[in-house]
Each structure stands twice: as structure tokens, then as C-alpha cells.
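J.: Take a look at the letters that make up each chain.
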Amino acid sequence: MAEKMDNRITLAHGSGGSLTHKLIRETFLPLLSNPLLGRLDDGAVFGVDKGRLAFTTDSYVVNPLFFPGGDIGRLAVCGTVNDLSMCGARPLYLSLSLIIEEGFSQPDLQRIISSVREAALEADVEVITGDTKVVGRGSADGLFITTSGIGIVPEGIEVSGTNAKAGDKVILSGTLGDHGMTILIQREGLGFEGPIESDCAPLNQMVSSMLEASHDIHCLRDPTRGGLATTLNEIALQSEVGILIQEDATPLNPSVSALCELLGFDPLYVANEGKLVAMVKASDSDRVLEAMKENKYGKRATIIGEVTGEHPGRVVIRTRMGTSRIVDMLTGDLLPRIC
Amino acid sequence: MQFIHEYRDPDLGRKLVQRIHRKSRKPARLMEFCGGHTFAILKNGIRDLLPSNLELVSGPGCPVCVTAISDLDKAIFLSHLPQTITTTFGDMVRVPGSHGSLASARVEGADVRIVYSTMDALDIAQENPQSQVIFVGIGFETTAPTIAASIVEAQRREIDNYHVLPLGKLCPPVMGALLKMGETKIDGIIGPGHVSTIIGSRPYEFIPREYGVPFVISGFEPLDILLAVEMLVEQIEEEDPKVEIAYRRGVKPEGNARAQQLMEEVFEVSNANWRGIGEIPRSGLSIREKFSHFDALKAYDIEPGLSREPKGCICGEILRGIKNPQDCRLFRRACTPENPVGPCMVSSEGSCAAYYRYGGEDG
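Chains V and B supply the protein sequences, listed in that same order.
Residue numbers for the first sequence follow our numbering, beginning at 3 and rising by one.
Residue numbers for the second sequence follow our numbering, beginning at 995 and rising by one.
There may be inaccurate statements among the hints.
A short list of chain V residues far from chain B (calculated; beta carbon distances all over 12 Å) [to be verified]: (1) Glu28; (2) Tyr62; (3) Glu124; (4) Lys135; (5) Ile154; (6) Lys167; (7) Glu263; (8) Phe267; (9) Arg302; (10) Gly324; (11) Thr325; (12) Arg327; (13) Ile328.
Cut-off 25 Å, straight-line C-alpha distance, at most; resulting in silico cross-link-like pairs (DMTMM-like, lysine to aspartate or glutamate) [unchecked claim]: (14) B:Lys1037 <-> V:Glu236; (15) B:Lys1037 <-> V:Asp268; (16) V:Lys301 <-> V:Glu199; (17) B:Lys1009 <-> V:Glu120; (18) B:Lys1037 <-> V:Asp250; (19) B:Lys1037 <-> V:Glu308.
Simulated restraints on C-beta separations [to be verified]: (20) V:Glu199 <-> B:Met1113: 37 to 45 Å; (21) B:Glu1258 <-> V:Ser326: 42 to 50 Å; (22) V:Glu199 <-> B:Gly1244: 50 to 58 Å; (23) B:Gly1272 <-> V:Thr59: 51 to 59 Å.
Source of the hints: derived by calculation from the structure; they are not laboratory data.
This structure is a prediction, so every number in the text was calculated from the model and none was measured.
A virtual CB, placed ideally from N, CA and C, is assigned to each residue, including glycine.
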């Protein structure tokens, strides 16, 4: 019994006392070690290069915590790194704040922090400050993570959802819906047997290459919850432009495509965690596409449409049948059909 | 992917469209029975491809939409009982009843769970022997065999805390009822694809025979629907109404005998109350006496009180093919998928949801 208790997080781990220190010393520091974190001050103090700062925050409450292609730790790093990247920033530092439910498995926590470490190493960012709270059983669903991030926007970079311009090409970095469908089949225990895993990945290195390839990347977004359809609608509204995409241009993994057909989902509305969409000046689009394809997360990058001066605020899809229809934002929940 | 892209081929689509334009002369109003058809038609912009003398109108083929509000109120009533887990297909949760929905019942503390299969509901019952598990058994002939299978399986596994609220409905009788009412002119019917995989094409033969209305069973891909329209146009032009299948890869004239046997074993045909239409004789499914210990209607005293339809909602008229979603004053204003007033805006097979998502500015 005592041994089993040792493997569980207790309220005392969040009390700020000796167990909290033990947790920090034995779990967090060895995995996330860097000089700024190692000082264990109340906050991290650091200098920055010239440029403007980008700052973002996001909370992660995914269920299940572990899923094919990642876990909540990888997600928490990639999500915030990607949010910074979509501002045209080079991500530098992250904070990591955990809310842990009493009784949570210590080995699982170890696994998740190891994922944080690996994702941070891959993205070349450092976790330099953090916090841990433990709440009573039933007050949280296992583990919630909040990460905030700081990055630097280099001189001359002006990327924003308001900047899409008529004539821009719309480039998508790869397949749609992998994350959303992975989580759905895990959560609902659908017993779907097919190669399908989350696309959860840090995109900052691909974005760096893209920004080197062109100074006319007007807009970058990662289509997470709500999917590509919702993201494109946001951009169309913010930039007061129309967006026209081709129905068969968006790449899909066969398993995701099959599962969406089966459940009646439209992949345009399913969440991604390792994809971006870019609005790029037409004359630069091939160069940007090449840069994306050289990155392992952009192998299937492709031009899916263009920005137009017509129908401002609206996204229109040209169907395979040659007709057009409006693509709206996600409304309501994604639910499977029954008949 | 195999068996999908073939049915979305643009070149074949263009050929079908040309043939329809060449053959079609008479003005005709075609009802697509299924909500799945309505979605496919709007998603692929099929209306824009057809000649102007052909009009498409949505039918009542949405199981969530045709569930009477009094029946929905029963499900919500049951969900509030202590030690009860209510299981249902996803769409049903958000449909507003007279007082709240299953979703709002969940917010108030009821244990309401979305399942993807009736067998999931049965597993929940087995895993929670201290609770009563109710499955809200809506659906047409497509779903009925799986509900029947869950009851037979519950019997076999001796699970005694599983009950079905039997709300199953049958498609041929509602079509007969609509044609008999004659409120709306229907010159041809795009018949249900999935339902017909179970019951086959024969149960619809009374439609051309008694009402002189052409009937073609269709799948849900754009080419399926275009082919069905072409076959209907031929029947209309030649004045030769009959039942045909444009969905041969899924539907045989005799249907699926095994599924039919299962339905027959567990259910018997009864009168049913259809939302927006009213009671239709012999259009529903009740649980046979032999399995009555799984019947929620027998196991519980259900008193949900008086039901009332939401004010201003014209789902009923839409289900009868009299009006279109954009004729509704609430459409896109008071009634949206986030804040639905009627069931047609909730369901993934509801006409209003289809027009909202794919219909553009004016619906």
C-alpha cells in the first residue's frame, strides 16, 4: 500500500513544502534543466535581442492524456510554440504550469514531462519557469497544463490575420484532420483499426525557412479547433477578403478520409495540431512551397486556393462537380450521423 | 479511396448533367426523402447543375427531426430519474424538448451519454449494474435491426438493467401519408438509400401503383443522386412510374433478410406519432410482449407533462415538403446550430442545418 501511495501525486505535492521541492528536484529539473530554470527564483530574468516581442498563452485539457502521435506534454509545447510562430515570431522561452488531480500517477507525470522535454528540444525552446498545483480528486480530470511563451519577431516581418491580400495563394502544409480524428477514436473507443495518429508537431523551424524564402508571407495560422474552415473564415473576416479553395486540393490521409466518411464528418472542420495555412504573394508561392517541402512537417504542402477581392468575408469552395458553395465556420459540435 | 472517388468523378457528373438537360422537358418537383440526400445535394451544389424546370424539395427522412416532441419529453423525463444512465445517438442530445433538452438535463446533473452503437449502450449497462441504462431508440429501418440486436443480446447476456425507449419509425408509411395528404405536389421521389439496404425496394411499390409517382432509390454520393434524378426524369417524361434502384451496390430488391428477421423477432408494427405530421397508422415499431422486460415504456411510469412545440418553428412544414428552411422567420436569426429552436437545425440530417451550413447567404 505504502509503495503504491508513493507512486501517486498527493495534495502534499502541491503544498509548497518538502514534497513539492522533491517533485521539482526529482522530476522537473532533471528533465527540463537549463540555467534559467535551475536558479529556482520566483521568475526567470533574461535579456532579448532587438525586435518586437510576441507573447501567448494556452491551456491544454485533452482527454485522453496519451494518444497515438503524442500526449498532453508534447501538445502543450507544440501548441504554444506554434501560436508564437504564427505571429512570425521565433519562439524562445516557455512557462509550464500544471494542475494535477490528487492520485495522479507519478510515472505518467514523468512520461509527460519527458515529452515536454523532447518537444522543447525539438523546437529549440526552453522552459524557464513553472508552477505546480494539486487539487482534490474530482476537481480536475487527471492533469491540466498551461503554457505561455515568449518569442521575438525579427525586423521586417509583418504577419497577421489582417494582412491577407487579393491575389495571394493559400498554402496548406499537409493533411487535414489527423489530430481530431485520433482523439475522437481514442475517446469514444471506436475500435477503428487503421494507421491514424495525431499530427502534433512544432512548426517553428518550417516557419523560419518560409520567412527566409519570402518577405511577402502575409498571414500564417494553425488550423486547430474548428479546423481549416473556421481558420479561413477568421482570416477572410479579419482581412476583409474572399477566399476560394478547391474541394479536392486538401490532402487527406486515407484512414482519416475513411473515418470521416463513416461518421459523416467534414475534414475541413476537424482539428489539427501540426499544420499551418499561409497566405503568400503569388509570385513567391512556389519558393515558399519548396521551403515547406524541405521540412519534415511540410512534405505534403500544397496550394489549395487563393485570396480574392470578391465576396469579402466569405470562404467559397469550388466542388469537384464544378459548382461553388460557401464554407461556413464550425457551428455547434461535430457529431456523427446515425442513419 | 476506393468506392468513394468513383462516385464523385467530375467527368461522369458532367455527362449525367448533360443527359438530364437533354431529357428533361416537363416541370417537376422531386422530393429527396433523406436528410443525407439534402446534405449531399447542397454540399455538391447539385441544384445549380439541374435544369430550371426541376425543383428539389426536402422530405421527412431525418430520424431525429421526426421524433415527436412528446416522445423527446419522455426521454428527458427518464434522464432525470436517479441512478439512471441515458444513452442516445449524438444529435438527439441537443434537440430542445418542451422544457430543456437532454444536454440541459446533463448540465443539471443527469447522466446522459452519447453512444455510437447500441452495443455500447449494452456494455454501459453491464459495466454499471447498480444503474438503470436507457437507450433512446430513435431511427428508421436502418437503425431498428441494431436496436433489436441489442435487445436479443441483452437477453442472451442476462442483462436486466437495460431498457429501450422504442421510438423506431418506418419509411414507406410516411411517404404514403404525405402523398395521401396531398399538401404538396410531388412528381418523383429520390428514395432512401440506407433504409433500402435493409428493406429492399419492394415495400415502395404502392407508391407508383397507387399514386402514380416515380420512385428511385439513391445513394449519397453526387453521382448516385444525379443518376437517380436522370432515372426519375425518364419515368416522368415517359409517364411510366415505377420503383427503380440507382444504388445497386447497396440495395437489393429483397433487402437484407437477416436484418428483417431480427426486426420481426423483436418489434411489431404499431401506430406512431411523427413530429410535424401527426399520428400515422402502422408507421412505428413497438417491442413485442416476449421482450417487454426491456421496454422502457412498460418499466417506468413516464409522466413528462404537457408538451408544447417551440413558437414560430416551421420544422413540421419543412418535414412535409411544404416549406423550405429560408421560409422560416427564425432561420439564421433566432435559430442557429449553436442555438437551435427546432430539430431540423440540430440534426446532421436536418434540412435547416444543411441549408445553414451549405446553403449560402439566403439559405
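J.: Going back to the hint list, which numbers does this structure go against?
T.: Going through the list in order, the structure violates hints 7, 8, 10, 11, 12, 13, 17, 20, 22 and respects the others.
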